[in-house]
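Each chain, letter by letter, is given below.
Protein chains: 4
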Amino acid sequence: MIRFNCDYNEGAHEKNLKRLCETNMEQTPGYGEDLYCRQAADTIRAFCQDSAADVHFLVGGTQTNLTVIDASLRSHQGVLAAETGHIEVHETGAIEACGHKVLPLPSENGKISAAQVEEAYQAHITNEAFEHMVQPKMVYISFPTELGTIYTKKELEDLSDICRKNHLYLFIDGARLGYGLAAADNDVTLHDLAVLSDVFYIGGTKQGALFGEAVVITHPDLQQDFRYFIKQKGGMLAKGRLLGLQFQTLFEAAESKADSAHPCQNTSSCPDHFRDTLYMQLALHADKLADKLRDAIHQADYPFLVESRTNQIFPILPDTLLERLREKYSFSYERRIDSKHSAIRFCTSWATKEEAVDKLIKDLKTAAWN
Amino acid sequence: MIRFNCDYNEGAHEKNLKRLCETNMEQTPGYGEDLYCRQAADTIRAFCQDSAADVHFLVGGTQTNLTVIDASLRSHQGVLAAETGHIEVHETGAIEACGHKVLPLPSENGKISAAQVEEAYQAHITNEAFEHMVQPKMVYISFPTELGTIYTKKELEDLSDICRKNHLYLFIDGARLGYGLAAADNDVTLHDLAVLSDVFYIGGTKQGALFGEAVVITHPDLQQDFRYFIKQKGGMLAKGRLLGLQFQTLFEAAESKADSAHPCQNTSSCPDHFRDTLYMQLALHADKLADKLRDAIHQADYPFLVESRTNQIFPILPDTLLERLREKYSFSYERRIDSKHSAIRFCTSWATKEEAVDKLIKDLKTAAWN
Amino acid sequence: MIRFNCDYNEGAHEKNLKRLCETNMEQTPGYGEDLYCRQAADTIRAFCQDSAADVHFLVGGTQTNLTVIDASLRSHQGVLAAETGHIEVHETGAIEACGHKVLPLPSENGKISAAQVEEAYQAHITNEAFEHMVQPKMVYISFPTELGTIYTKKELEDLSDICRKNHLYLFIDGARLGYGLAAADNDVTLHDLAVLSDVFYIGGTKQGALFGEAVVITHPDLQQDFRYFIKQKGGMLAKGRLLGLQFQTLFEAAESKADSAHPCQNTSSCPDHFRDTLYMQLALHADKLADKLRDAIHQADYPFLVESRTNQIFPILPDTLLERLREKYSFSYERRIDSKHSAIRFCTSWATKEEAVDKLIKDLKTAAWN
Amino acid sequence: MIRFNCDYNEGAHEKNLKRLCETNMEQTPGYGEDLYCRQAADTIRAFCQDSAADVHFLVGGTQTNLTVIDASLRSHQGVLAAETGHIEVHETGAIEACGHKVLPLPSENGKISAAQVEEAYQAHITNEAFEHMVQPKMVYISFPTELGTIYTKKELEDLSDICRKNHLYLFIDGARLGYGLAAADNDVTLHDLAVLSDVFYIGGTKQGALFGEAVVITHPDLQQDFRYFIKQKGGMLAKGRLLGLQFQTLFEAAESKADSAHPCQNTSSCPDHFRDTLYMQLALHADKLADKLRDAIHQADYPFLVESRTNQIFPILPDTLLERLREKYSFSYERRIDSKHSAIRFCTSWATKEEAVDKLIKDLKTAAWN
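Protein chains in written order, with our numbering: chain A, 1245 to 1614; chain B, 1245 to 1614; chain C, 1245 to 1614; chain D, 1245 to 1614.
So here's chain A without its partners, still in its complex pose (with noise of 0.2 Å):
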């Protein structure tokens, strides 16, 4: 069995092990009070070229989600999500177990755009009764999203926009950065989701980490008290230092990448040397063996659900070739799309073979012919 299901199946890039191995029985502060913390944060200060960001280390999305938005939102404030945000469907309701609604937006490829932000801000605030309804204050959108698209610096800008004009505060949830940042279509750089969202975070799990979540944050209120959400929602990790330690190596330049690592001295501004980090480096992978397998789908003239370059992949494919798959791959099943035909996603990542794919390929073509 094969499993291209999701991007956490395997355990940490073999450097973060070995860093921990190296590390284990040195005595630190705990709770995220450690050098390995202090420098990691430093680190990702200088990438975002935000200084005065915060830059906290939680372990997973879900924990993220809510210790951000609870942290933000007074009781009769809402978030504006996509239908298909992963806060809206796939969190057994944790906003809400936090006492705030998610207020869903329609959405095709996972996206949400300004126009729609401002027509659900406008709504609420011309109603005659809008003290009768959830006041929207903040906008979750996810980066790449859960269909695997990503927004253009435009549409973020557009959004950032919206939100300053009307007081919202923009969260982006980055559980996948990289992969976003990696696509061979992106035009964002870390420094300017920094510059447009008032909090975003840096995922590591799926990108090459045993667990870990980084969050910016840059608006002055949502910086306050921070640490206090952190506790009470149960995230706070006694041993902090697991994760400093991680995100530190991830965002440290790779050892081997395809192209040679870029000569400028000044790392903190470059976007070229945030490329050579170990993270990008394993992002990349994904992205480039996520495309090959997507070419090679596109090639069979199967549709997709939805395009994107990102380390997602969303083929419509025959039952009967799905049932033959099965026996060889796990994958994610997405939707019936007619009687014969259902969306599936396959996803690579940073520890995905290439011969895996090349099979996954082979097989394909094999069980499509037969």
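Hints may contain errors.
It does not matter which identical chain is meant; a pair holds if it fits inside one copy or across any two.
[Unchecked claim] In the DSS-like style, the derived pairs of lysine-lysine whose C-alpha atoms are separated by at most 30 Å in a straight line are: (1) K1572 to K1532; (2) K1259 to K1597; (3) K1597 to K1262.
No lab work stands behind these hints: they were computed from the structure.
Let chain A serve as the given structure and place chains B, C and D on it in line with the hints.
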């Protein structure tokens, strides 16, 4: 200015005020443990023909909805409701503030079907990631709905069957219950509601009381400790007798009614006796006036957003006409239909005067014809 | 049975009922946006001498406490209160159900001191693990307290100073406010409360209204969006005018009073004019009768759990005496003092008849002497 | 700087790291549904001698406490705990943020008694205003407590009896469970805990794992839908296998131990086999070093805040001595005892080196004598 914008513009039926004045200086225990509350509860149990039902009195609808729902659900459970349902749209996220997600179902006319509930339930339990999603555990419907429609007995039976099969609680919001029971096309009795639902309430605020909703709980699981929830949510009125007294009054035989009172002796099991109560006579009055207004609008060939026979009327009228009507009448704006037409809502109530309706009909005609 | 067990055994002062009857069939906007609410708010602002204060009307005390506190705090913040405070003891965890911890402080007489607040605040900010603990952000006091005691102006000033120094909100529960302001030993004015606190409320339920609490918010941060919270917590009365009308009535000059009405013209800034209101005259009546009862118990040499001059009296009486009293009177049991004595509570109120107090005094003497 | 301030200063026992490295590139299902989690759960069930117990793996203690408690209680119910309990003091109101009040009971040594629980329960049900108060429904104790003490089997049996009589759930926080089970004066087995409690957990974070707590649920009511709660509260680790793998490793027989391994074949029912596990051998190591340090402090005639035989030591030392110790050692400051003395906490752990303890003992003597 004549108000048709809602059904709570006036105070209470004079008989209620009279009773409050007569008993004003009596000393009674507080918090709903007085004689009037006990008597009113007995009367309601008798009309429901369910001697094991628990009856509690609360002040308003949102308070009742949030108290019932929070008392019924564990943290990971949600409540299925029409996307037009009051709890989804007009309670400032009260249910979410208690930690529970409202799970909206599409609805054209304010109603949801047994098939929709079954589909939502099956979609949950068959989903691979079911534990990552909110578990549906309750179904909330309004009778009449927020769009004035009512469920037939058959529809309620189907909903009840599906709910029991799937261990879902069925909760009926009866903020306008009488207007539904009194509708010309209704075939549902109070007894049916007690049998088919697990908890429902009988609205007083919109039907002749200063305020008050009588919650009838028939499911033993939901009966347990309910008064703790009333207190915790701020709904336990110190002078609970104000509620008992008004419901006791509303459920007495009306002094005057169109038809002569029913002659049979068995007040508890006889639907006709229930029809003789002040509560139902006030509802019949409102529904009759609504029918009159509705007929006039029909005759003028205006379409309706939705058809019903209860006290809420949703015509689609030209904006130019609405502009003229606004000079003399208040009504609710529902939504824009096209560039020149809007859907609005007129409400009649227990307190509406026939002259007011006649005047509106006349003005509608005049304005429309000019 | 004559009830001295609480101060909400009867309905409302007859003038309130008269007004409700007179205005019953008027049509008004709902949800507290009617003329009566506006007028009552203006009147209260004038008596508070604070034209920038927001005034809202809610139905009951627990509802008011939970709404104010949840509107004021972020999730990690708690509210300091006396261990005897209503929010700590008698609200079924309403504050915790909104997500906030009540942080109890020891109290012998229902009061807490500025020094206690300062100590608790300093203990928090100097603790190494402060982020692992609830952050104190609000101070809740009752005036009068649950034990009938009142704060002196000096004590309130000290509390206010400490709160402002430490950015803590000061919230005063005035469910029995009039009985405190009318107490023989009181030196605090309504204006003082508005100046010294950030939010407080004026209780109507226990002082001549059918129900109702008038919340006065002076701190701008707490004013923002407060009506959303009223709605979300189920406290927005459909017929809000019932509240406005009653408070307007209570704050008019009483028709009869012991002393002649104050002759000066400046109703807003003159404490003596406030004393002429029905609200204060009713409170003076209750406090006077409480003093009479208290004096009689003193003369019989019974000790008291705590001394005060408001409408609550906490004598420590022999159980044998209590057994006899119970045949004719109801009162609250506070707690066992020793094997033969218990502390109880007698309440007088706006509705207490002097004959009832005289009868109780006589029976106390007779029963005690036998 | 040598750290004795807590028992989570280092990473994990080397065997845990070795296993993580060995299995790193295996593909497994996520969210705790992998083979390692299943095996670890089976092993724990076997040692508990309860084949019907549910076993779940979470990341940290606060997360576990809030998840278990929120899954167990309805909104009006609270949890009795020692006033020193972790949930009352050091979780930033995590339990209240889930809507539940912690009901603290006085405690000198971190423990509460069956008599205290019975008294609190009776006080609730016999109170006239019981519905106005939080209903006690769960009892939370820590084994060992936050002060290092442990309950005897008899004390646990009494607590269990009282809880079952009164339908209260008994929840045991075992964040330091091994250090309690390994204590020289302990007479409680893992099997006892499974039998006497309704839910308890086995702490890994402080005892040789990078992180991880194994929750054992024996009460069927609490088993239902527990995984929904883990997900909702943000505690469902994507790579759940990290938890299963570590617990599986910790519950294998240790490779080296003081005494020879137990020869009997029945690993599941034999407490001596449990004693042979790495988990218990690490705990015995820590407790032995704690005893050594404790004896030395006793010999120097310093008093203790509380006596125990687990890995936490609470001596009362002169501030002058503490000042000197701080140059070389870190420890927790508990509280001031008098103007010249403070209580502090030293922790040993699975990772503590005997040389470090010897050095501290030597420095204590030297510093004290000068």
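Self-check item: Unmet hints by their number, sorted upward, for this structure
Solution: none
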